[in-house]
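J.: Sequence:
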Amino acid sequence: MATDIVMPQMGESIVEGTITKWLKKPGDKIQRDEPLFEISTDKVDAEIPAPASGVLQEIKVTEGTTVQVNTVVGTIASDGEVTANPAPAEKKATPAQPAAKVQAPAQSAPVPASAPPKASAPAPATSRHEEEDHARSSPLVRKIARENNVELSQVEGTGLGGRITKQDILAFIESQDQGNVGAALQSRPETPSAGAASVPSPLAPRQGGEVTRPTPAAIPGDLVPMTNMRRIIAQRMIESRRTSAHVHAMFEVDITRIVNLRNKLKSSFEQRNGARLTFMPFFVRAAIIALQQFPIVNASTEGDSIRYHRHVNVGIAVALDWGLIVPVLKNADELNFLGLQRGITDLGERARNKKLKPEEVEGSTFTVTNPGQFGAVFGLPIINQPNSAIMGVGGITKMPLVVTDKDGTDSIAIRSVVHLTLGYDHRIIDGAVADQFMAFVKKTLEGWGEDVG
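Sequential numbering from 539 applies to the sequence shown in my numbering.
Calculated from the structure, these hints are not laboratory results.
Careful, some of the hints might be misleading.
As the list claims (entries may be wrong) - Taking lysine-lysine pairs in the BS3-like style, the calculated list, with each CA pair at most 25 Å apart, reads: (1) Lys980 / Lys868; (2) Lys895 / Lys681; (3) Lys868 / Lys895.
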(Lines of atoms letter the chains of each structure in order from A; the text may use other names.)
(Lines give C-alpha, C1' and ligand atoms only; values in the text may rest on other atoms or scores of the structure.)
Protein backbone atom coordinates (compact mmCIF):
# COMPACT_ATOMS: atom_id res chain seq x y z
CA MET A 539 0.00 0.00 0.00
CA ALA A 540 1.09 3.57 -0.67
CA THR A 541 2.56 5.63 2.18
CA ASP A 542 1.31 9.21 2.51
CA ILE A 543 3.87 12.01 2.68
CA VAL A 544 2.50 14.74 4.94
CA MET A 545 3.49 18.30 5.74
CA PRO A 546 5.12 17.89 9.17
CA GLN A 547 4.32 20.10 12.14
CA MET A 548 7.60 21.92 12.72
CA GLY A 549 6.86 22.99 16.29
CA GLU A 550 3.78 23.37 18.47
CA SER A 551 2.85 26.82 17.19
CA ILE A 552 3.36 26.02 13.50
CA VAL A 553 0.13 25.55 11.53
CA GLU A 554 1.40 25.64 7.95
CA GLY A 555 4.48 25.29 5.77
CA THR A 556 5.60 26.10 2.24
CA ILE A 557 7.22 23.49 -0.01
CA THR A 558 10.23 25.26 -1.49
CA LYS A 559 11.74 22.34 -3.44
CA TRP A 560 11.17 18.68 -4.21
CA LEU A 561 14.47 16.80 -4.17
CA LYS A 562 13.01 13.80 -6.03
CA LYS A 563 10.80 13.31 -9.09
CA PRO A 564 7.86 10.93 -9.51
CA GLY A 565 9.29 7.52 -10.34
CA ASP A 566 12.52 8.03 -8.39
CA LYS A 567 13.53 5.36 -5.91
CA ILE A 568 14.01 6.63 -2.39
CA GLN A 569 15.24 5.25 0.91
CA ARG A 570 13.62 5.85 4.27
CA ASP A 571 15.03 8.99 5.98
CA GLU A 572 16.59 10.20 2.70
CA PRO A 573 15.97 13.95 2.14
CA LEU A 574 12.78 14.19 0.06
CA PHE A 575 11.71 17.84 -0.04
CA GLU A 576 12.53 21.22 1.52
CA ILE A 577 10.05 23.37 3.40
CA SER A 578 9.94 26.84 4.90
CA THR A 579 7.93 27.82 7.98
CA ASP A 580 7.90 30.85 10.26
CA LYS A 581 10.38 29.03 12.50
CA VAL A 582 12.80 27.11 10.33
CA ASP A 583 13.80 26.07 6.82
CA ALA A 584 14.42 22.33 6.76
CA GLU A 585 14.91 19.22 4.66
CA ILE A 586 12.17 16.67 5.28
CA PRO A 587 13.16 12.97 5.14
CA ALA A 588 11.17 10.27 3.37
CA PRO A 589 8.82 8.41 5.76
CA ALA A 590 9.39 5.08 3.97
CA SER A 591 11.47 3.36 1.30
CA GLY A 592 10.03 2.78 -2.15
CA VAL A 593 9.24 4.85 -5.25
CA LEU A 594 7.90 8.40 -5.25
CA GLN A 595 4.50 7.72 -6.79
CA GLU A 596 2.86 11.13 -6.82
CA ILE A 597 3.53 14.76 -5.94
CA LYS A 598 0.25 16.33 -4.83
CA VAL A 599 1.54 19.76 -3.78
CA THR A 600 3.95 21.62 -6.03
CA GLU A 601 6.84 23.91 -5.14
CA GLY A 602 5.88 27.32 -3.77
CA THR A 603 2.56 26.13 -2.34
CA THR A 604 1.66 26.75 1.31
CA VAL A 605 -0.48 24.13 3.05
CA GLN A 606 -1.54 23.34 6.57
CA VAL A 607 0.34 20.79 8.66
CA ASN A 608 -0.64 17.14 8.18
CA THR A 609 -1.76 17.84 4.60
CA VAL A 610 -0.84 14.97 2.26
CA VAL A 611 1.70 16.39 -0.19
CA GLY A 612 2.65 13.17 -1.99
CA THR A 613 2.71 9.37 -1.87
CA ILE A 614 5.35 6.65 -1.81
CA ALA A 615 4.66 3.20 -3.26
CA SER A 616 6.59 0.04 -2.52
CA ASP A 617 8.90 -1.22 -5.25
CA GLY A 618 6.86 -3.05 -7.91
CA GLU A 619 3.55 -1.45 -6.90
CA VAL A 620 3.81 1.63 -9.12
CA THR A 621 1.42 1.27 -12.06
CA ALA A 622 1.16 4.90 -13.03
CA ASN A 623 3.06 8.06 -12.44
CA PRO A 624 0.54 10.86 -11.96
CA ALA A 625 1.68 14.32 -12.86
CA PRO A 626 1.81 16.75 -9.98
CA ALA A 627 -1.35 18.72 -9.47
CA GLU A 628 -1.57 22.24 -10.79
CA LYS A 629 -0.68 24.82 -8.20
CA LYS A 630 -3.99 25.32 -6.43
CA ALA A 631 -5.29 25.22 -2.91
CA THR A 632 -5.86 21.85 -1.30
CA PRO A 633 -9.00 21.29 0.81
CA ALA A 634 -6.89 22.15 3.87
CA GLN A 635 -5.58 25.36 2.36
CA PRO A 636 -7.41 28.55 1.33
CA ALA A 637 -6.71 29.71 -2.19
CA ALA A 638 -5.17 32.91 -0.83
CA LYS A 639 -2.33 30.89 0.59
CA VAL A 640 -1.12 29.67 -2.78
CA GLN A 641 2.09 31.36 -3.87
CA ALA A 642 3.84 30.95 -7.18
CA PRO A 643 7.61 30.88 -6.72
CA ALA A 644 9.58 33.62 -8.45
CA GLN A 645 11.68 31.29 -10.60
CA SER A 646 10.50 27.76 -9.93
CA ALA A 647 8.66 25.64 -12.47
CA PRO A 648 6.22 22.83 -11.53
CA VAL A 649 7.85 19.49 -10.99
CA PRO A 650 7.50 17.66 -14.30
CA ALA A 651 5.87 14.27 -14.56
CA SER A 652 7.99 11.39 -15.78
CA ALA A 653 7.24 7.85 -16.85
CA PRO A 654 7.99 5.04 -14.41
CA PRO A 655 11.56 3.87 -14.87
CA LYS A 656 12.04 0.50 -16.52
CA ALA A 657 14.37 -1.94 -14.86
CA SER A 658 16.46 -2.35 -18.01
CA ALA A 659 16.72 1.36 -18.82
CA PRO A 660 19.88 3.12 -17.63
CA ALA A 661 19.47 6.19 -15.44
CA PRO A 662 19.63 9.40 -17.46
CA ALA A 663 22.83 11.43 -17.25
CA THR A 664 21.06 14.35 -15.62
CA SER A 665 19.97 12.13 -12.72
CA ARG A 666 23.51 10.95 -12.16
CA HIS A 667 24.73 14.54 -12.15
CA GLU A 668 22.02 15.52 -9.69
CA GLU A 669 22.95 12.65 -7.38
CA GLU A 670 26.63 13.60 -7.59
CA ASP A 671 25.86 17.26 -6.88
CA HIS A 672 23.67 16.25 -3.94
CA ALA A 673 26.42 14.06 -2.49
CA ARG A 674 29.14 16.67 -2.73
CA SER A 675 27.25 19.79 -1.59
CA SER A 676 24.98 21.02 1.17
CA PRO A 677 21.40 22.29 0.71
CA LEU A 678 22.65 25.85 1.16
CA VAL A 679 25.26 25.43 -1.58
CA ARG A 680 22.66 23.97 -3.97
CA LYS A 681 20.27 26.82 -3.15
CA ILE A 682 22.91 29.44 -3.95
CA ALA A 683 23.75 27.61 -7.17
CA ARG A 684 20.10 27.49 -8.26
CA GLU A 685 19.55 31.17 -7.55
CA ASN A 686 22.59 32.10 -9.63
CA ASN A 687 22.12 29.57 -12.45
CA VAL A 688 25.40 27.83 -11.66
CA GLU A 689 26.10 24.22 -12.63
CA LEU A 690 27.82 22.65 -9.63
CA SER A 691 29.82 20.42 -11.96
CA GLN A 692 31.74 23.56 -12.92
CA VAL A 693 32.73 24.34 -9.33
CA GLU A 694 35.85 22.85 -7.80
CA GLY A 695 35.26 21.73 -4.23
CA THR A 696 37.88 22.31 -1.55
CA GLY A 697 36.07 20.42 1.21
CA LEU A 698 36.68 16.91 2.43
CA GLY A 699 36.48 14.47 -0.49
CA GLY A 700 36.01 17.31 -2.98
CA ARG A 701 32.84 18.57 -1.27
CA ILE A 702 31.76 22.02 -2.45
CA THR A 703 31.67 24.49 0.42
CA LYS A 704 29.76 27.76 0.69
CA GLN A 705 33.02 29.63 0.16
CA ASP A 706 33.68 27.62 -3.03
CA ILE A 707 30.34 28.50 -4.65
CA LEU A 708 30.51 32.17 -3.64
CA ALA A 709 34.08 32.49 -4.93
CA PHE A 710 33.00 30.92 -8.25
CA ILE A 711 30.04 33.31 -8.56
CA GLU A 712 32.26 36.28 -7.74
CA SER A 713 34.71 35.29 -10.46
CA GLN A 714 31.85 35.01 -12.98
CA ASP A 715 30.23 38.26 -11.91
CA GLN A 716 33.21 40.56 -12.24
CA GLY A 717 32.34 43.22 -14.76
CA ASN A 718 28.83 41.88 -15.33
CA VAL A 719 27.04 44.00 -12.75
CA GLY A 720 28.42 47.27 -14.07
CA ALA A 721 27.50 46.36 -17.65
CA ALA A 722 24.01 45.37 -16.61
CA LEU A 723 23.41 48.65 -14.78
CA GLN A 724 24.69 50.72 -17.70
CA SER A 725 22.30 48.97 -20.09
CA ARG A 726 19.24 49.95 -18.04
CA PRO A 727 17.46 53.25 -18.86
CA GLU A 728 17.03 54.10 -15.18
CA THR A 729 20.23 55.08 -13.39
CA PRO A 730 20.47 56.35 -9.83
CA SER A 731 21.17 60.05 -9.42
CA ALA A 732 24.38 61.27 -7.85
CA GLY A 733 22.55 61.78 -4.55
CA ALA A 734 20.95 58.35 -4.48
CA ALA A 735 22.17 55.56 -2.23
CA SER A 736 24.98 53.56 -3.73
CA VAL A 737 24.19 50.15 -5.20
CA PRO A 738 25.39 47.37 -2.89
CA SER A 739 27.91 44.94 -4.27
CA PRO A 740 26.36 41.56 -5.14
CA LEU A 741 28.97 40.01 -2.87
CA ALA A 742 29.33 41.90 0.39
CA PRO A 743 32.00 40.86 2.91
CA ARG A 744 31.03 40.13 6.47
CA GLN A 745 33.29 40.77 9.42
CA GLY A 746 36.06 38.19 9.40
CA GLY A 747 36.15 37.90 5.62
CA GLU A 748 33.04 35.74 5.18
CA VAL A 749 31.14 36.67 2.03
CA THR A 750 27.37 36.81 1.68
CA ARG A 751 25.13 37.32 -1.33
CA PRO A 752 21.81 39.14 -1.02
CA THR A 753 18.83 36.91 -1.74
CA PRO A 754 17.31 37.47 -4.14
CA ALA A 755 19.87 39.49 -6.05
CA ALA A 756 18.03 42.44 -7.57
CA ILE A 757 18.88 45.43 -9.70
CA PRO A 758 17.56 48.83 -8.51
CA GLY A 759 14.19 49.43 -10.11
CA ASP A 760 13.11 45.78 -9.99
CA LEU A 761 10.05 44.69 -7.99
CA VAL A 762 10.87 41.41 -6.23
CA PRO A 763 8.27 39.49 -4.19
CA MET A 764 9.15 38.70 -0.59
CA THR A 765 10.19 35.16 0.19
CA ASN A 766 8.03 33.19 2.58
CA MET A 767 10.59 33.62 5.36
CA ARG A 768 10.83 37.38 4.79
CA ARG A 769 7.04 37.79 4.97
CA ILE A 770 6.91 35.86 8.22
CA ILE A 771 9.79 37.81 9.73
CA ALA A 772 8.00 41.06 8.85
CA GLN A 773 4.80 39.81 10.44
CA ARG A 774 6.56 38.67 13.64
CA MET A 775 8.43 41.96 14.03
CA ILE A 776 5.23 44.01 13.74
CA GLU A 777 3.45 41.70 16.18
CA SER A 778 6.27 42.06 18.70
CA ARG A 779 6.24 45.87 18.52
CA ARG A 780 2.48 45.84 19.06
CA THR A 781 2.69 43.34 21.93
CA SER A 782 5.57 44.53 24.12
CA ALA A 783 6.27 47.98 25.54
CA HIS A 784 9.78 48.25 24.12
CA VAL A 785 12.44 50.13 26.07
CA HIS A 786 16.21 49.93 25.52
CA ALA A 787 19.17 50.39 27.84
CA MET A 788 22.76 50.54 26.57
CA PHE A 789 25.93 49.89 28.56
CA GLU A 790 29.56 50.42 27.59
CA VAL A 791 31.72 47.49 28.70
CA ASP A 792 35.51 47.25 28.86
CA ILE A 793 36.33 43.69 27.77
CA THR A 794 40.08 44.13 27.40
CA ARG A 795 40.65 41.26 29.82
CA ILE A 796 38.49 38.93 27.74
CA VAL A 797 40.10 40.00 24.45
CA ASN A 798 43.57 39.33 25.87
CA LEU A 799 42.44 36.00 27.31
CA ARG A 800 40.97 34.89 23.99
CA ASN A 801 44.07 35.92 22.05
CA LYS A 802 46.20 33.95 24.46
CA LEU A 803 44.10 30.77 24.52
CA LYS A 804 42.36 30.50 21.14
CA SER A 805 45.00 28.25 19.51
CA SER A 806 45.32 25.84 22.42
CA PHE A 807 41.55 25.90 22.99
CA GLU A 808 40.86 24.73 19.43
CA GLN A 809 43.59 22.07 19.55
CA ARG A 810 42.34 20.75 22.87
CA ASN A 811 38.59 20.91 22.27
CA GLY A 812 38.17 20.81 18.49
CA ALA A 813 36.16 24.04 18.55
CA ARG A 814 37.01 27.66 17.79
CA LEU A 815 37.03 30.06 20.73
CA THR A 816 34.68 32.95 19.89
CA PHE A 817 33.42 35.91 21.91
CA MET A 818 29.76 34.84 21.93
CA PRO A 819 29.95 32.33 24.83
CA PHE A 820 31.46 35.05 27.05
CA PHE A 821 28.41 37.26 26.51
CA VAL A 822 25.95 34.39 26.80
CA ARG A 823 27.57 33.13 30.01
CA ALA A 824 27.51 36.61 31.56
CA ALA A 825 23.83 36.97 30.63
CA ILE A 826 22.98 33.58 32.16
CA ILE A 827 24.63 34.49 35.46
CA ALA A 828 22.71 37.79 35.51
CA LEU A 829 19.42 36.07 34.61
CA GLN A 830 19.82 33.82 37.64
CA GLN A 831 20.12 36.94 39.79
CA PHE A 832 17.20 38.73 38.08
CA PRO A 833 14.71 36.00 37.08
CA ILE A 834 12.08 38.52 35.93
CA VAL A 835 14.25 39.20 32.86
CA ASN A 836 13.98 35.49 32.03
CA ALA A 837 10.21 35.48 32.50
CA SER A 838 7.35 35.87 30.03
CA THR A 839 3.82 37.24 30.10
CA GLU A 840 0.80 34.93 29.92
CA GLY A 841 -2.36 37.02 29.94
CA ASP A 842 -2.43 38.84 33.27
CA SER A 843 0.14 36.47 34.79
CA ILE A 844 3.92 36.17 34.68
CA ARG A 845 5.62 32.85 33.92
CA TYR A 846 8.94 32.43 35.75
CA HIS A 847 10.93 29.83 33.85
CA ARG A 848 12.92 27.16 35.68
CA HIS A 849 15.77 27.13 33.16
CA VAL A 850 17.49 29.58 30.87
CA ASN A 851 16.85 28.69 27.22
CA VAL A 852 18.96 31.10 25.18
CA GLY A 853 17.90 31.96 21.64
CA ILE A 854 20.93 32.77 19.46
CA ALA A 855 19.98 34.93 16.46
CA VAL A 856 21.68 33.61 13.30
CA ALA A 857 21.85 35.72 10.14
CA LEU A 858 21.29 33.55 7.07
CA ASP A 859 21.75 34.50 3.43
CA TRP A 860 17.98 34.25 3.01
CA GLY A 861 16.73 35.67 6.34
CA LEU A 862 17.07 35.33 10.09
CA ILE A 863 16.50 32.40 12.43
CA VAL A 864 16.78 31.97 16.20
CA PRO A 865 17.82 28.45 17.25
CA VAL A 866 17.60 27.79 20.97
CA LEU A 867 20.24 26.46 23.33
CA LYS A 868 18.10 24.60 25.87
CA ASN A 869 19.02 24.50 29.58
CA ALA A 870 21.98 26.76 28.92
CA ASP A 871 22.24 27.46 32.64
CA GLU A 872 23.43 23.87 33.14
CA LEU A 873 26.29 24.14 30.62
CA ASN A 874 29.87 25.14 31.36
CA PHE A 875 31.79 27.51 29.09
CA LEU A 876 32.95 24.77 26.72
CA GLY A 877 29.41 23.42 26.49
CA LEU A 878 28.16 26.88 25.55
CA GLN A 879 30.81 27.29 22.85
CA ARG A 880 30.07 23.89 21.32
CA GLY A 881 26.33 24.42 21.49
CA ILE A 882 26.44 27.89 19.90
CA THR A 883 28.74 26.70 17.10
CA ASP A 884 26.63 23.61 16.42
CA LEU A 885 23.34 25.52 16.25
CA GLY A 886 24.81 28.15 13.94
CA GLU A 887 26.25 25.60 11.51
CA ARG A 888 23.08 23.53 11.36
CA ALA A 889 20.92 26.64 10.96
CA ARG A 890 22.91 27.61 7.87
CA ASN A 891 22.62 24.08 6.46
CA LYS A 892 18.90 23.61 7.22
CA LYS A 893 19.59 20.78 9.65
CA LEU A 894 17.78 22.15 12.70
CA LYS A 895 15.09 20.08 14.37
CA PRO A 896 11.68 21.67 15.04
CA GLU A 897 12.17 21.69 18.80
CA GLU A 898 15.45 23.55 18.41
CA VAL A 899 13.79 26.75 17.21
CA GLU A 900 11.23 27.17 19.97
CA GLY A 901 11.08 27.50 23.74
CA SER A 902 13.55 30.35 24.22
CA THR A 903 13.30 32.42 27.40
CA PHE A 904 15.94 35.05 26.52
CA THR A 905 17.62 36.00 23.25
CA VAL A 906 21.09 37.23 22.29
CA THR A 907 21.72 38.88 18.93
CA ASN A 908 25.04 40.05 17.52
CA PRO A 909 24.78 43.01 15.11
CA GLY A 910 28.39 43.81 15.96
CA GLN A 911 29.63 41.02 13.71
CA PHE A 912 28.75 43.25 10.76
CA GLY A 913 30.37 46.35 12.23
CA ALA A 914 27.47 47.96 14.10
CA VAL A 915 28.47 49.92 17.20
CA PHE A 916 25.20 48.86 18.82
CA GLY A 917 21.62 48.00 17.89
CA LEU A 918 18.12 48.41 19.28
CA PRO A 919 16.77 44.88 18.79
CA ILE A 920 13.10 43.94 18.75
CA ILE A 921 12.07 41.43 21.42
CA ASN A 922 11.74 37.83 20.27
CA GLN A 923 8.26 36.83 21.46
CA PRO A 924 7.29 35.45 23.92
CA ASN A 925 10.55 36.56 25.60
CA SER A 926 10.57 39.68 27.70
CA ALA A 927 14.12 40.75 26.85
CA ILE A 928 16.80 40.55 24.17
CA MET A 929 20.46 41.54 24.48
CA GLY A 930 22.26 43.00 21.49
CA VAL A 931 26.06 42.73 21.25
CA GLY A 932 27.77 45.56 19.38
CA GLY A 933 31.13 45.56 17.66
CA ILE A 934 34.34 45.33 19.68
CA THR A 935 36.48 48.41 19.11
CA LYS A 936 39.60 49.93 20.63
CA MET A 937 39.14 53.37 22.18
CA PRO A 938 40.76 55.59 24.82
CA LEU A 939 39.27 55.27 28.30
CA VAL A 940 40.03 56.76 31.68
CA VAL A 941 41.41 53.94 33.82
CA THR A 942 41.68 54.15 37.60
CA ASP A 943 44.27 51.98 39.34
CA LYS A 944 44.01 50.50 42.84
CA ASP A 945 45.53 53.64 44.34
CA GLY A 946 42.89 55.85 42.75
CA THR A 947 45.20 57.32 40.12
CA ASP A 948 43.57 58.07 36.77
CA SER A 949 45.22 57.56 33.39
CA ILE A 950 44.17 57.25 29.77
CA ALA A 951 44.65 53.85 28.12
CA ILE A 952 43.65 52.10 24.92
CA ARG A 953 40.99 49.53 25.81
CA SER A 954 38.79 47.03 23.94
CA VAL A 955 35.19 48.17 24.35
CA VAL A 956 31.80 46.73 23.41
CA HIS A 957 28.37 48.33 23.69
CA LEU A 958 25.63 46.02 24.96
CA THR A 959 21.95 46.89 24.53
CA LEU A 960 19.07 45.35 26.44
CA GLY A 961 15.67 45.58 24.79
CA TYR A 962 13.04 44.79 27.40
CA ASP A 963 9.28 44.69 27.90
CA HIS A 964 8.37 47.52 30.26
CA ARG A 965 5.09 45.80 31.11
CA ILE A 966 6.88 43.49 33.54
CA ILE A 967 10.49 44.71 33.70
CA ASP A 968 11.09 48.06 35.37
CA GLY A 969 13.88 50.34 34.20
CA ALA A 970 15.72 50.00 37.49
CA VAL A 971 15.72 46.20 37.23
CA ALA A 972 16.88 46.31 33.61
CA ASP A 973 19.76 48.62 34.54
CA GLN A 974 20.74 46.42 37.50
CA PHE A 975 20.70 43.39 35.22
CA MET A 976 22.98 45.05 32.69
CA ALA A 977 25.26 46.36 35.42
CA PHE A 978 25.66 42.77 36.61
CA VAL A 979 26.48 41.63 33.05
CA LYS A 980 29.05 44.44 32.78
CA LYS A 981 30.66 43.53 36.11
CA THR A 982 30.90 39.85 35.13
CA LEU A 983 32.55 40.61 31.80
CA GLU A 984 34.97 43.24 33.06
CA GLY A 985 36.11 41.08 35.95
CA TRP A 986 36.06 37.77 34.05
CA GLY A 987 37.65 35.04 36.12
CA GLU A 988 35.91 31.88 34.93
CA ASP A 989 37.87 29.06 33.33
CA VAL A 990 37.11 28.72 29.62
CA GLY A 991 38.02 25.03 29.48
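J.: Identify every previously stated hint that the structure contradicts and give their numbers, smallest first.
T.: none
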